[in-house]
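K.L.:
The chain contents come next:
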Amino acid sequence: MKGMAKDGNASGKSAGSNPQWTVPSIPIDSTELRVNLEQIRQKTGNSGDIIIREFTIGGSEEELQAAIIYVDGIVNNTTINQFVMEVLLNVMLSNEQRTLNDLVQVITDKIVPIGGLKTLVQWDELYDALLWGQTILLIDGSKEALAIATSGGEVRAIDEPGTDTSIRGSREGFVESLTTNISMVRRRIRNPNLWLESMTLGQVTHTRIGIMYINGIADDSIVEEAKRRLRKIKLDSILESGYIEKMIEDQSFTPFPTVLPTERPDTVAANLLEGKIAIMVDGTPFMLIIPAVFNQFFQITEDSYHRYDISVALRLLRIVMFIISMIGPSFYIAATTFHQEMIPTQLVISLVSQLEATPFTAFVEALLMEVIFEILREAGVRMPKAIGSAVSIVGALVIGQAAVQAGLVSTAMVIVVSLTAISSLATPVFSIAVSARLLRFLLMISAATFGFFGMILTLIMIIAHMCSLRSFGVPYMAPYSPMMHVKNSQIHAPLPIWMRHLVPKLMKKPTTEQVGDQDGT
Amino acid sequence: MARLCLSIVMIALLTGCWDSRELTDIGFVVAMAIDKGEKKNIRVTVQIVNPINVSSSQGGGSPMPLPPTTYSAEGNNVFDATRVLSQKLSRQLHYGHAIVLLVGEDLATTQGIKKLFDGIERDSEFRPSATMVIARGTTGEEIIKQRTSLDNSPAIKIKKMVAETEKAFGENIDEKIYQVIQAIVSSGKEPTITGIQLDSTNKEDKLMANGIATFKDGKLMRWLDGNESRGFLWVLGRVNSTLLTMDWNGQPHTIGIENIRTKSSFHSSFDKSGKPIIEVKIGADANIGEVDVPIDVTNPRLFLQIERLYMQAVHDEAVATIKLMQQQKSDIFGFGEVVHRDHPKQWRTLKRDWNDVTFPTIEVKVKVEAYLRNTGLRNRTIMESIDNS
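Just so you know, the protein sequences line up as chains L and G, in that order. 1 is the number of the first residue of the first sequence in my numbering; add one for each residue after it. 1 is the number of the first residue of the second sequence in my numbering; add one for each residue after it.
Worth double-checking, as some hints may not be accurate.
[What the hints assert, rightly or not] Label pairs and their calculated CB-CB ranges: (1) L:I415 <-> G:H343: 52 to 62 Å; (2) L:I415 <-> G:R3: 54 to 64 Å; (3) G:R261 <-> L:R171: 58 to 68 Å; (4) L:R171 <-> G:I260: 54 to 64 Å; (5) L:Y305 <-> G:E22: 26 to 36 Å; (6) L:L317 <-> G:S90: 58 to 68 Å; (7) G:R261 <-> L:F453: 38 to 48 Å; (8) G:N374 <-> L:L397: 57 to 67 Å; (9) G:R261 <-> L:S468: 54 to 64 Å; (10) G:H343 <-> L:S468: 53 to 63 Å; (11) L:F253 <-> G:I11: 50 to 60 Å; (12) L:L457 <-> G:R261: 45 to 55 Å.
It is worth saying that the hints were derived from the structure and are not from the lab. We put the CB at the ideal spot given by N, CA and C, even for glycine.
Model the full assembly from the supplied sequences, consistent with the hints where possible.
P.N.:
Next up, the structure:
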């Protein structure tokens, strides 16, 4: 596969070598319950939420010492009480059973009425299971431990997504629980070909990662490449999918995102059906979709839900908004300080009369207003919700009529900055809006130094850079550069649903005749 | 990498911004008038946008319009005079928004307009698409100092007025600077420019467009007025809306025909003696605008009769102007250019004496093809209704 500029590999600090952080992969060597429990207590530092409950398994004369260990809060207490404790306390073991070496096997086979049971012999497996919310059963005289699937505990309920909101379509948004998220996608694509691969990343955090794709539709080489890059990640911690995003990108030093984050299960499903791959990280509602080309950041799943004509118009509008949010202020600066003849006469007359009262040059004025807006925006995101109205009141003063009346800025500049801000906020995918946000300042500087000439030079640089980007080997500007004939794709415009085949062929061709691939080319 | 960054910074800091100008450091010239100077050759007057005037009119508007802000200077030529202007101004003049160029009648008659345009066209700022007018019977300076009531400034008024009156009245011509320059440069066409004069009957807003100035050898020669100028526009096919009143059965001016659009084409050929013949085809569409005699315009016979009358009227006006200009020995129609295009070889010998010898004697055939398209919202005339009742 071409264009793998950089592989996701280890960088920065790694605690992997520090024995303190990892549990050595050694077998449970003691048969004595007391010894084993002591080791667990020591390893977990007697943490209060690690619950160790010792009891005896019922029987006749000789009572069998046993203990269950679980982490409070990430287990389902009802399950433990009803199906583990109650069962084990009430069971009557015969003497033969009790003396058997494979006692654990007997418990698995005949006693505990729970689906997920697993016999563990290694310490690292034991801790892993414990910390994933399983209940560990240790029995005196046995080197084997039993992990009982009792995961549970409080998670956030499924809610409307905070970003990626839509008018029509599913109201579900992903939550922080990986299993819930997977189930949400699974519910939308009920097909055995929807494959999920799991891995655990993060030396310290042991975060679970899921890679989802539809076998047969997704390009195998991209799937392999994604897995390869994920496996190479050696990080201590993965707290959000952003960690993964940065490690698996083809090119890190770029303002443009090459991975598409989303909070919507229907977006993930739609992309999976187009042959994309979704990477999910436990603990965050943001899933990553790869590969992601530039065009894709302006398509939203809702386009397919609305009528065709309005969807086409809206998609064009989004691209226009992106351009405005990038070049709005710089266009104003270049036109007013270098190319006055390009402004219509009536407009230039009214501009002159406005600017007569303002002290700053166009560039300083634009920079000032843009920085003020960025401050407002940041304040709007970070502030406690209770004082939200304060920011909007004050914000209207600093970017608004009051600033004009104070003679600080011109009305025209307020309009330009507001238009830019609205366009930026209306760009559907946040990560692409952010890239325009930074480039805006670069363009403003070049417009203030060289006018339109400088703006064009900078835009040429930006476009050349975008053409050099790749997302998992797919050119970022595809299908425009390189020009690709994309048959039946909705990448240019959302096609009416009856004109689509299931699989667009942007991401290289599917290997064999696939679901919905009608002409098999 | 550091070296690269440094060089980028240096590009921006050392060479950048050299021609950047803030809007507030610029005086926007909206109209320029060129007149005969008293001490020196040329007197240039510029009208500059006064931001304070504009803003005061925005905030509610003063009842009496302020006089436009103008500055004058004299120099040996146009460029020289504009340089002198900077002595009187706090701002750099910017000609990118000059929409009107005025030339005083005096200057146009005595010195001619030939020498005025080189500097204007050479300058990258001045727009060749600015409207060109002649200050009729006065100086250009006088015109652009006038107050206007509907529009912000004389410049805007003149630009709009000339364009509008060509469309709606058909007796003025909206010529841009580049068209005038083309005509001056061409050997087979003479320039024509609309006149702007002071209308003393209107105290508040004196500017009015009147007549078309014709030139010979770059000097103003004769004004075409009324039907003469319309005759000129018929030949050019540039009449849009205009009204012709015609007689009906001896009753004068009883039928008004409203023209909608016109187009014309020229063809040239040679007669046996080798003299050029120009054929002018005029196609016109018109509506019946007003009928003040009791006739039934739905009657096809009468309708066609009116149409024929109309054709004749257009034909007469066009021929009259052509005859007039042949007497004046100035080919404002561009017949010479047609000969040039159609017969470039013969043109080489013809062009030397075109205006003085050949043009006045050539035969010009005018063919008019006019159609009445519409009778308006009425079929029967009001007069007819009155008579019948």
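K.L.:
Now tell me, hint by hint, if it's right for this structure.
P.N.:
Against the structure, the hints come out as follows:
In this structure, I415 of chain L and H343 of chain G meet the distance hint of 52 to 62 Å, their C-beta atoms being roughly 59 Å apart. A beta carbon spacing of about 41 Å between I415 of chain L and R3 of chain G contradicts the range 54 to 64 Å that was offered as a hint. Distance hint for R261 of chain G and R171 of chain L: a CB-CB separation of about 60 Å, consistent with the stated range 58 to 68 Å. Between R171 of chain L and I260 of chain G, the C-beta spacing of about 60 Å keeps the proposed range 54 to 64 Å intact.
A hinted range of 26 to 36 Å is violated for the C-beta pair Y305 of chain L and E22 of chain G, which are about 49 Å apart. In this structure, L317 of chain L and S90 of chain G break the distance hint of 58 to 68 Å, their C-beta atoms being roughly 45 Å apart. One distance hint, 38 to 48 Å for the beta-carbon pair R261 of chain G and F453 of chain L, holds here, with the actual separation near 43 Å. Between N374 of chain G and L397 of chain L the CB atoms are about 59 Å apart, so this pair conforms to the stated range of 57 to 67 Å.
Checking the proposed 54 to 64 Å range against R261 of chain G and S468 of chain L shows it holds: the Cβ atoms sit about 55 Å from each other. The given range of 53 to 63 Å is respected by H343 of chain G and S468 of chain L, whose C-beta atoms sit roughly 60 Å from each other. For F253 of chain L and I11 of chain G, the hinted distance range of 50 to 60 Å is not satisfied, since their beta carbons lie about 22 Å from each other. The hinted window of 45 to 55 Å between L457 of chain L and R261 of chain G holds, with their beta carbons roughly 47 Å apart.
Going through the hint list in order, the structure does not satisfy hints 2, 5, 6, 11.
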